[in-house]
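K.L.:
Chain by chain, the residues run as shown.
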Amino acid sequence: MNQYESKIVYDVKGLNLWYGNDQALKDINIQINKNEVTAIIGPSGCGKSTFIKTLNRMIENVPNVRTSGEILYHGLNIFDKTMRVEELRTRVGMVFQKPNPFPKSIYENVLYGPKIHGVKDKQMLEEILETSLKSAALWDEVKDRLHDNAYGLSGGQQQRLCIARALAVQPDVILMDEPTSALDPIATAKIEELIDSLKADYSISIVTHSMQQAGRISDKTAFFLMGELVEFGNTEMIFSNPRDKRTEDYITGRFG
Amino acid sequence: MDIRSEILNDKGINPMKSNNPTQVKVEINRQRINRRVLINEILKKVFFASTLFALAVLSVLLYRIIAQSIGWLDWHFLTSKLSIFPEKAGIYGVIIGSVGLMVVVIPVTLILGVSTAIYLEEYASKSRFQNLIKVNISNLASVPSVIFGLLGLALFGRFLNLGSSILAGGLTLSLLVLPIVVVSSQEALKAVPNFLREASYAMGAGKWTTIRKVVLPVAIPGILTGAILSISRAIGETAPLVVLGIPALLLKVPTSLMDDFTALPIQIYYWTLDTVLTPEYANLAAATIVVLLITLFLMNSIAIVIRNKTQKTY
Ligand SMILES: Nc1ncnc2c1ncn2[C@@H]1O[C@H](COP(=O)(O)OP(=O)(O)O)[C@@H](O)[C@H]1O
Ligand SMILES: [Mg+2]
Chain A
1 MNQYESKIVY DVKGLNLWYG NDQALKDINI QINKNEVTAI IGPSGCGKST FIKTLNRMIE
61 NVPNVRTSGE ILYHGLNIFD KTMRVEELRT RVGMVFQKPN PFPKSIYENV LYGPKIHGVK
121 DKQMLEEILE TSLKSAALWD EVKDRLHDNA YGLSGGQQQR LCIARALAVQ PDVILMDEPT
181 SALDPIATAK IEELIDSLKA DYSISIVTHS MQQAGRISDK TAFFLMGELV EFGNTEMIFS
241 NPRDKRTEDY ITGRFG
Chain B
1 MDIRSEILND KGINPMKSNN PTQVKVEINR QRINRRVLIN EILKKVFFAS TLFALAVLSV
61 LLYRIIAQSI GWLDWHFLTS KLSIFPEKAG IYGVIIGSVG LMVVVIPVTL ILGVSTAIYL
121 EEYASKSRFQ NLIKVNISNL ASVPSVIFGL LGLALFGRFL NLGSSILAGG LTLSLLVLPI
181 VVVSSQEALK AVPNFLREAS YAMGAGKWTT IRKVVLPVAI PGILTGAILS ISRAIGETAP
241 LVVLGIPALL LKVPTSLMDD FTALPIQIYY WTLDTVLTPE YANLAAATIV VLLITLFLMN
301 SIAIVIRNKT QKTY
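Residue numbers (the working numbering), protein chains in the order written: chain A, 1 to 256; chain B, 1 to 314.
Think about it this way: if two alpha-carbon atoms lie no more than 27 Å apart in a straight line, the pair counts; the simulated BS3-like pairs of lysine-lysine are:
#1 B/Lys309 to A/Lys104
#2 A/Lys115 to B/Lys213
#3 A/Lys134 to B/Lys213
#4 B/Lys190 to A/Lys98
#5 B/Lys213 to A/Lys120
#6 A/Lys98 to B/Lys213
#7 A/Lys115 to B/Lys190
#8 B/Lys213 to B/Lys126
#9 B/Lys190 to B/Lys134
So, partial list: chain B residues that the calculated Cβ filter (under 7 Å) puts toward chain A:
#10 Gly204
#11 Gly206
#12 Val214
Computed Cβ-Cβ distance ranges for the label pairs, DEER-style:
#13 B/Asn308 to A/Glu86: 29 to 39 Å
#14 B/Leu132 to A/Asp219: 46 to 56 Å
#15 A/Glu86 to B/Asn194: 10 to 20 Å
#16 B/Ile294 to A/Ser44: 58 to 68 Å
#17 A/Tyr19 to B/Leu58: 54 to 64 Å
#18 B/Glu27 to A/Tyr151: 51 to 61 Å
#19 A/Glu86 to B/Thr51: 49 to 59 Å
#20 B/Glu27 to A/Ser154: 52 to 62 Å
#21 B/Ile106 to A/Glu86: 30 to 40 Å
#22 B/Ala191 to A/Tyr19: 24 to 34 Å
#23 A/Glu141 to B/Ala49: 57 to 67 Å
#24 B/Asn194 to A/Ser154: 16 to 26 Å
#25 B/Glu280 to A/Tyr151: 57 to 67 Å
#26 A/Tyr19 to B/Tyr123: 19 to 29 Å
Calculated from the structure, these hints are not laboratory results. Note that the structure is predicted; figures quoted are calculated from it, not measured. Using N, Cα and C, we set each Cβ at its ideal position, and we do this for glycine too.
Start from the sequences and build out the full structure, keeping to the hints where you can.
P.N.:
Right, dumping it as structure tokens:
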């Protein structure tokens, strides 16, 4: 059996993280599965972004960050010396809070990943372009202006372009940090629909500040509070029958 | 005092004090306001006069130079060699000398300057040591050009035995403008938003790939603008070249980077020195100044066009 065929994509074991002397993540234990959407919820500053950025080691771009514990990605510890971040990040795509396309054409944006990883064949590139844009539900809107600058697109289109860009290298995980917080409700609905359709092929972890969004799109929900993972389980369970009092207080809107 | 507060005052109510007993009432003083309006008007005129003064001086200067160059600045002047006879003299060799300097200065400053800026901005850790380097590079940019001339003389002229060749002159001028190119390139790199770098890293790109494919394309207009401005400064510099010992009258046109040379600002300097004995040299100097000014003006215009053409999209 291929290592990438296992059901468990991420197995996080006893993860701690410090910014300098401030501990931002405390003993996190969580499993993220294939073909599931995992929502990460919690009040502002509880460590959601920190956690998701640790999964592809983007957190290492912040100076003075220290971690302990293990994050097994298909059984391999991502902190291991033999793990190349470039390889990890090729298998684990990321979509940011604010759409961040490159100031290049739509074509160049989508094909950035394939090109830096050495795909040169023109026909192959065109194929990747089309399938990625189609998977990101953007193809029909941009197929006639593939060579226009990405910044001519609307915010929602830019975000779907960023998703297409992430899909173009065929990752198996997509990490999203509040991908709809800068978008209007219609654009948000499109992205949510898209996430639902992507589930068939990818494992998705999404940070959201919207309980409704978590409820609508996720299979599992993780509730973070002050750097701790308070509760993790099936979304239905978490929202209908939370085990922890703090989870209940949060989802019923008593704080946050 | 406005009408509202006057009415309120008549009724014995102080509007400023009504709901906050500790607040001091601010007296509105018409005279004071009038005085400030007046001062403002006067200062506006003073500032305008200052601008006018600078413009006037510049115009007189330009007028005199252009007037003196008329009749001298012609095709013959641009295409002939130097000569001690004013009517015969042309600046062909001088122009070749200046072009030769640029052939050295442009690649040297671009390669060294941009590499240094990339190292400092993108690779070096933001440590105290790095700050020290940065401050020192900025300081270097304000060192008088004669000092760079002396350094060039010692290092390139004597130690590397390049004498007063184009290569020695070009390297000396490169040293002079390098700090400016480094600082302006650093600014251009700093202006590239971090979220673009993050987007690239998140795609699995390494540092150099990110710099080459994302950071540099965005930063290059800014880098070029700074580079062109510093190179145009190099074209106009005299002092460091005088220190190197450029010949006062060079009859041969240089054919390689190892040849002796003379350049536009130097030739202006030498001709001006001799105007007492040969008054026509003033006309030659004026004609050369016009050529130099047009060159600098063109270069600065290119820099401005590049800067204005690259509007921020993100
Ligand atoms: N770059 C950083 N340097 C230092 N502390 C940080 C940094 N980023 C986040 N933090 C701290 O870590 C904690 C978690 O932040 P974050 O993960 O951004 O929370 P969230 O995404 O849930 O709002 C906060 O207390 C925040 O102040
Ligand atoms: Mg966040």
